[in-house]
Amino acid sequence: MSQTLTPAPSLERPRKPISSPEETGVRATSGSRNRAALLRPVRITLFYLALFALWWIVAARQIWPPYLLPSPGDVGLFLRESLKDGTLLPAIATSAARVFTGYVIALVGGTVLGVALARSRMLDETVGSAVVGLQSLPSICWFPLALIWFGLNEKAVLFVIVMGSLFAITLAVKAGVRQIPPLTLRAARMLGAGSGPKLWRHVLLPAILPAFLSGMRQGWAFAWRSLMSAELLSQSLKIGVGHLLNNGRDLNDMSMVLGMIVIILALGLFVDRVLFFPIERAVARRWGVEGA
Amino acid sequence: MTVVSADAIRLSEVGVSFGPVEAARDITLTIPSGQFVSLIGPSGCGKSTLLSVVAGLEKASRGTVAVNGQAGMVFQEAALFPWRNLRDNVSFGLEMRGGLSKAEQKARASEALRQVHLSRFADSYPHQLSGGMRQRAALARALVLDPSILLMDEPFGALDAQTRSLLQAELLAVWERTRKTVLFVTHSLDEALFLSDRIVLLSARPGRVVGDYLVNAPRPRDPRTDSALAALRSRLLAQLSHEIETVARAEHDTDWQAEIDAPRTPPEPQARENIGADI
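For the protein sequence lines, the chains are W and B, in the order given.
Under this note's numbering, the first residue of the first sequence carries the number 11, and numbering increases by one thereafter.
Under this note's numbering, the first residue of the second sequence carries the number 6, and numbering increases by one thereafter.
Don't read these hints as lab results, they were simulated from the structure.
In this text, all values refer to a predicted model and were calculated from it rather than measured experimentally.
Glycine residues also receive a C-beta, built at the ideal position from the N, C-alpha and C atoms.
Among the clues, some could well be false.
With a straight-line Cα cutoff of 30 Å, these simulated DSS-like cross-link-like pairs (lysine-lysine) come out [said to hold, decoys possible]:
no. : chain 1 : residue 1 : chain 2 : residue 2
1   : B       : Lys107    : W       : Lys208
2   : W       : Lys208    : B       : Lys111
3   : W       : Lys94     : W       : Lys248
4   : W       : Lys248    : W       : Lys165
5   : W       : Lys208    : B       : Lys64
Partial list, computed: chain B residues near chain W (C-beta under 8 Å) [to be verified]:
no. : residue
6   : Ala60
7   : Glu82
8   : Pro87
9   : Phe97
10  : Met101
11  : Arg102
12  : Trp180
Next up, chain W with everything else stripped away, as it sits in the complex (with noise of 0.2 Å):
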């Protein structure tokens, strides 16, 4: 057993020195594994484009017809058209406009739902395997009950959008709150951060701030999805990409029909990758549940 008052400092190091950059990007190890990161989106363009060189293969030799398999070419066209006859963006912006209606509703529900249940053990008994069950039931089916309940409107659409994202958001948060560790709120009990206000901002909403993030994310995906679908079955309404999509196949335009699948594949991988992936990422390296 060492007893010097002085202890040598030298027996405890940091475990990942990041916080004295001299001491980073030194070492073999980290500069290899630099260079697999770097070769990795090499990679994944490449794959894409072999992906992309291959559609044009196979619709050039005409071994579809191209109402069956249209050039990368005519999908080309008929987005370039439908950008200049104006029908695209006005499309875009109805339908980014329910969601984001819809995913909000869901979201501020979701959370206060989801810390509902997280807290009081005979609503997550009750309320809370309800929670779980409807989350397993596809979004759309609940269009039939909206169309009898509201008519086919704005609010059915708005309907699904939010019983689709609701429930994954609650289930994110629940388990965000209850994966506090216990020590965590008698440490901030014990330095005085009480039990109110004070605990909510300094404590809880920091340390469920990553599960949230994933929850939001989650939850935009399904919000996404269930506008989808429920344009898709809503001809009457104000056109969003959905409804294009659906006009793609009512005129036998299988340009249309590729155009529209591929414009909704960006919208969606655009706002979670380049909205949401950055922020969720940065918070898990700074809360460091995350082995970046």
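Position chain B against the provided structure of chain W, taking the given hints into account.
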């Protein structure tokens, strides 16, 4: 009255139960200001519960608890806030208390980090540090509020042996500088002997005080060279292993007793007579 006010903690006939489980029974304990007291006993003997009662985190089911002054606490895990760097973790308590400017909070947090030799890592985040560093930061976080009582719940229990002895020495240095009252829960007899002025031994559940020893050996201590300390150690060890055996028996099948080769002589049942035993 002067004698009374010099006591930092007074427990009288304290009992704690959680539903049908009785964690601690009839605990009477008076700790004068500035004393370093270790609570030791087999696992599940209610020593951590008792600490929580003193901290105000749990309520005593019976008896009275008087705590004179503010208490700070260090847990077995550092329980730092992962979204705050070390300096902001340490200044958390000051923020919650209010009344200080941001600059003053920062200055005091830096000073507390300096006391535990972590100044260089003030801007680091908890996940970037080793377990020992995190635990030192947790100590700084408690010290920054300048509590008169420091409650420590197996604070070094999760650390490796080397880090552990370093932190023990560091804690002693802090204690000798500040002379705070320390109530220290541990399951390591050697740790208790190395650190404390006084060792209180609790029985298997429900926890009762079955031994109360003053340790007057000079510091730094080494039971290998200090014969009086060694004698106290073997006495405590006998009593402790009796309690541990009681727990083990409760956790094993009933035929487990048969595996014990010879019946042991139990230690004197009322070791409380040894209060103040000078060594």
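A quick look at each hint next to the structure:
1. B/Lys107 to W/Lys208: 17 Å, holds
2. W/Lys208 to B/Lys111: 19 Å, holds
3. W/Lys94 to W/Lys248: Between W/Lys94 and W/Lys248 the Cα gap is close to 19 Å, so the pair holds against 30 Å.
4. W/Lys248 to W/Lys165: 13 Å, holds
5. W/Lys208 to B/Lys64: Measuring from Cα to Cα gives roughly 23 Å; hence the hint holds.
6. Ala60: Where the cut-off is 8 Å and the nearest Cβ of chain W is about 6 Å from B/Ala60, the hint holds.
7. Glu82: Nearest chain W Cβ about 6 Å off; hint holds.
8. Pro87: 5 Å, holds
9. Phe97: Holds, about 5 Å.
10. Met101: 4 Å, holds
11. Arg102: 5 Å, holds
12. Trp180: 11 Å, violated
Going down the numbered hints, you'll see the structure goes against just number 12.
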